[in-house]
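Given only the sequences and the hints, what does the whole structure look like? Please build it.
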Amino acid sequence: MHKRKPVEFAAQSAALTVDETADYLRVCRSTVYKLFKDGDIVPAKVRGRTLVRRIDADAFLDRCVGAA
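Using this note's numbering, read the sequence shown as starting at 83 and increasing by one per residue.
Quick caveat, the hints were computed from the structure, so don't treat them as lab data. Any given hint could be a false lead.
[Stated by the list, open to error] Straight line, CA to CA, 20 Å or less: simulated DMTMM-like cross-link-like pairs of lysine to aspartate or glutamate:
no., residue 1, residue 2
1, Lys-119, Asp-101
2, Lys-116, Asp-138
3, Lys-119, Asp-138
4, Lys-116, Asp-105
5, Lys-119, Asp-140
6, Lys-119, Asp-105
7, Lys-127, Asp-140
8, Lys-116, Asp-101
9, Lys-127, Asp-144
10, Lys-116, Asp-144
11, Lys-127, Asp-101
12, Lys-127, Asp-138
[Claimed, not checked] So the derived label-pair ranges between C-beta atoms look like this:
no., residue 1, residue 2, range
13, Phe-118, Asp-144, 16 to 22 Å
14, Asp-140, Tyr-115, 17 to 23 Å
15, Lys-127, Ala-149, 26 to 32 Å
16, Lys-116, Ile-137, 18 to 24 Å
Idealized CB from N, CA, C, for every residue including glycine.
Next up, the structure:
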């Protein structure tokens, strides 16, 4: 597995790309797509780009903390 260059994203950005979501959650891209498939995070398609609302990524983290 090769190292991916960290993605820089604005602290106040309301939407994250798949790469930014992976960095934000500290997981790999394939895990983000698995979270989409499993319904844990709902992606949004905007002009052909797959985005995740930061609030949805935060809600996912909150559910993980609650389950621990």
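Do the hints match the structure? See the list:
1. Lys-119 <-> Asp-101: Judged against 20 Å, a Cα distance of about 16 Å means the pair holds.
2. Lys-116 <-> Asp-138: Distance ~15 Å between Lys-116 and Asp-138 Cα, so the pair holds.
3. Lys-119 <-> Asp-138: holds (15 Å)
4. Lys-116 <-> Asp-105: Measuring from Cα to Cα gives roughly 15 Å; hence the hint holds.
5. Lys-119 <-> Asp-140: holds (18 Å)
6. Lys-119 <-> Asp-105: holds (19 Å)
7. Lys-127 <-> Asp-140: holds (19 Å)
8. Lys-116 <-> Asp-101: The hint holds at about 14 Å.
9. Lys-127 <-> Asp-144: Given pair Lys-127, Asp-144 is violated - Cα atoms ~24 Å apart, limit 20 Å.
10. Lys-116 <-> Asp-144: holds (18 Å)
11. Lys-127 <-> Asp-101: Status holds; Cα separation ~15 Å.
12. Lys-127 <-> Asp-138: Status holds; Cα separation ~14 Å.
13. Phe-118 <-> Asp-144: 16 to 22 Å: holds (18 Å)
14. Asp-140 <-> Tyr-115: 17 to 23 Å: holds (19 Å)
15. Lys-127 <-> Ala-149: 26 to 32 Å: Given a distance of about 28 Å, which is inside 26 to 32 Å, the answer is holds.
16. Lys-116 <-> Ile-137: 18 to 24 Å: The hinted range 18 to 24 Å holds for Lys-116 and Ile-137, with Cβ atoms some 20 Å apart.
Consistency note: the structure conflicts with earlier hint 9 alone.
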